[in-house]
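Novice: Each chain, written out:
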Amino acid sequence: MNNPDPLGLDWTNLSAPPPPEGAPPEVPQKFFEKRKAVHPQRIDGPFRRFKWLVMLVTLGIYYVTPWIRWDRGPYAPDQAVLVDLAHRRFYMFGIEIWPHEFYFVAGLLIMAGIGLFLVTSAVGRAWCGYSCPQTVWTDVFQHVDRFVDGDRNARMRLDKAPWGPSKIARRAFKWTIYLVISFWTGGAWIMYFADAPTLTADFWTGQAAPVAYITVAILTATTFVLGGFMREQVCIYMCPWPRIQAAMLDEKSLLVTYKDWRGEPRGSVKKSAKNPDNFGDCIDCNQCVAVCPTGIDIREGPQIGCITCALCIDACDRVMKEVGRPRGLIDYATLEDCTREAAGETPRPVWQTLLRPRTLVYFSIWAGIGLGLMFALGTRSRTDLTVAADRNPPFMLMSDGSPRNAFTLKLRNMQNRQRRMEVSLSGLPGGVVWNDRMARTDAARSMTLTVAADSTQALRTYVLAPPGTAPQVFAFVLRSLDAEGESARSETRFAAPGEAR
Amino acid sequence: MMAEKRIDPPTGTETVGHEWDGIEELDTPMPRWWVWTFIACVIFAIGYVAVYPAIPMAEKATTGTLGWSSRGQLSAEMQAEKGRRAPMLTALSRIPIERLPQDSALMQQAVAGGRAAFQVNCVQCHGSGAAGSGGYPNLNDDDWLWGGDLKAIEYTLVHGIRHPGDVATRTSMMPAFDGILSPAEIGQVTGHVLSLTGKAAANPSGAAIFATNCASCHGQNGKGSRAFGAPNLADAIWLYGSSEQEIRRQILAPRHGVMPAWQGRLDPVTIRMLAAYVHSLGGGEDFVEVAEDPAVQVDEQP
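Protein sequence lines correspond, in order, to chains R and L. Reminder that position 409 of the first sequence reads as 409 in the UniProt record's numbering, one-by-one numbering, no gaps. Reminder that position 63 of the second sequence reads as 63 in the UniProt record's numbering, one-by-one numbering, no gaps.
Since the hints were made in silico from the structure, they are not lab data. Even for Gly, the Cβ is constructed at its ideal location relative to N, Cα and C. Among the clues, some could well be false.
Unchecked claim - Chain L side only, calculated, beta carbon under 8 Å to chain R, not exhaustive:
#  : residue
1  : Ser-75
2  : Gly-129
3  : Ser-133
4  : Gly-134
5  : Asn-138
6  : Asp-143
7  : Gly-147
8  : Asn-232
9  : Asp-235
10 : Ala-236
11 : Ile-237
12 : Glu-246
13 : Ser-280
The shape of chain R in the complex, shown without the other chains (with noise of 0.2 Å):
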């Protein structure tokens, strides 16, 4: 070569060596797998009871809430949990938060995530496994495919048949009752944002607003596909938390564990009855794959697919009861404790696991924001003022000289009655205040006004200062003249010819 490569490399001939003689052809590699269709099989246990409890319980709080109703007098509506956007408020149950203190909301936000850290940490993905919408919701449509079709046998039977009348008339009637399901799914969810009888009364005669239906259309078809469809594969693929409590847990966390010290090698009650020394307690009967809802096989090990639902500990307690041994293959456990169980050691108590220092730094953490939140919610304040001093003219001299200033305030009342309230001066010597409702005349040192319940109102307010004052900070102050007593002080500068002091 003339020219050689720097590296010297020969780049005349980069492409792969021919595959030798006699060898198989390449298999096209895939990039997508299929799904593999998911029929879990009915199972009884506790923790199926559990899921039950709460099944029944996430349920009912969802669908129930919104018709709870919560006397808040006649200035405020009478449902216990609203999301007023339309006026910006949000009720709950004796508490209602304007939008300024969002910061309640965003308090629980960071205590729930912070609670995600805290219960992923002592017991792995409990939220996966029992609460989380995902797996509720998949929970009922599979219940409807046991209540249709029947167990697993008769649908996985079922799904390979081919295509007649009888097939679809009993898939017409199963995607029926999804289709109720789900209507009725996102017919709760918008009970939330106004008066739940008033909004189902208008949304059986039209009357309602095209944002319920839209909402409602949208939410109907994404539980109908989720649910319906999608189901575990929202979690295996679509998912970012079981990433992200992937990495929360640690050897520590208990996990739905297959103790393969003890199962392995599987082998059936025959052969190990033949040969005990040969076989661990495993009989391979597949149950714990059967009845899970994600299709997976917890002997593989922990893997993204595992929610923690636990039927598979029931499963196989109830297999290891039928054949005589002790239960517990599948259990909860952590993989420290299974190291130590594998090597002849006993395993730690379970305070002990619950209590490490990350589970208690994680629980100092969420309580002290709940607490925080409690303490500011108990001491926060249903008044407010804000101030906005004319700019253009910062201030006009009357005709005896005297300066004013024009200010407009902004008078909050959060409580749910009207009040009476005295706005004042404070600072300003010589100074008096008075407002476009009122004669100029009755100018003093401080005005009362009544301000209508739940509500804010702006008042044009004059602050008149004796000629020859100089230009000085003073402040509003706004107080309740009633029981309460609350007060709010917003300090403002008077604007008046020649150099600020």
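The hints should help you fit chain L onto chain R, whose structure is shown.
Specialist: Showing chain L alone in chain R's frame:
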């Protein structure tokens, strides 16, 4: 170069058949969902072209079967807004303006409407904060040449000040004293005017000249007269400046501002709103009904 299609083993996809220096391109079909979405968009577009204005023609675009247009939508919305405001406008045109402050809701609506109208029609002279400037009065203060109650303000707005062509316009004319008074006398009377606000010592000869030449309009004590639009010379507000030089100049060759009559330019309701807005700026005066005979009690009820 011959197109030589072949199956690409790793992917199982056919190539487009061209090869450039060993680089080939897979003939990957569009995903089915994409194709269907595309077809759906085409079908949607056909419907859209039919019902909405779509195809540009020489004059304007095709109208579409719905007959919708953005101009039409705007005018419909404006019409709806007009309909919404109609009751307020009717009420505002019917109420005697001196009773307006008693209807605080209507007053607030009038002030809001007046603020908008002011920003369009009045800020050119009076400034966006209505603070005026040299020669243009500040409307925020409590000094009024022609009266500061709602009725007086409305009258000024309707007929203007020294507006040629309106017989009822507010008008007054201060004579130029250049030549009528000698320069020395002008100096003395200027000193007297300054003394009214304490800016100069009392000046008896100036006071005498003032009493003879000025008091007929400005009053014996210089407090002015609204009947003539004669300014108060004993207060802190000076339309053309308060220095000795400025006062002297105004005596020698007075300037007279002109405000247009808004009658005919603006509708009566807008003028009312403007009056309410100007009145609300902080210097507005209460309307005092003066009985011609003080002995007769005025019935305040409408």
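Novice: Could you run down the list of hints and mark each one as holding or not?
Specialist: Now for the hints, and whether the structure bears them out:
1. Ser-75: 23 Å, violated
2. Gly-129: 3 Å, holds
3. Ser-133: Status violated, d = 10 Å.
4. Gly-134: 14 Å, violated
5. Asn-138: Because about 6 Å separates L:Asn-138 from the closest Cβ in chain R, which is inside the 8 Å limit, the hint holds.
6. Asp-143: 4 Å, holds
7. Gly-147: 14 Å, violated
8. Asn-232: 7 Å, holds
9. Asp-235: 4 Å, holds
10. Ala-236: With Cβ-Cβ at 4 Å, under 8 Å, it holds.
11. Ile-237: 5 Å, holds
12. Glu-246: 16 Å, violated
13. Ser-280: At about 6 Å, which falls below the 8 Å cut-off, the nearest Cβ of chain R leaves the hint on L:Ser-280 intact, so it holds.
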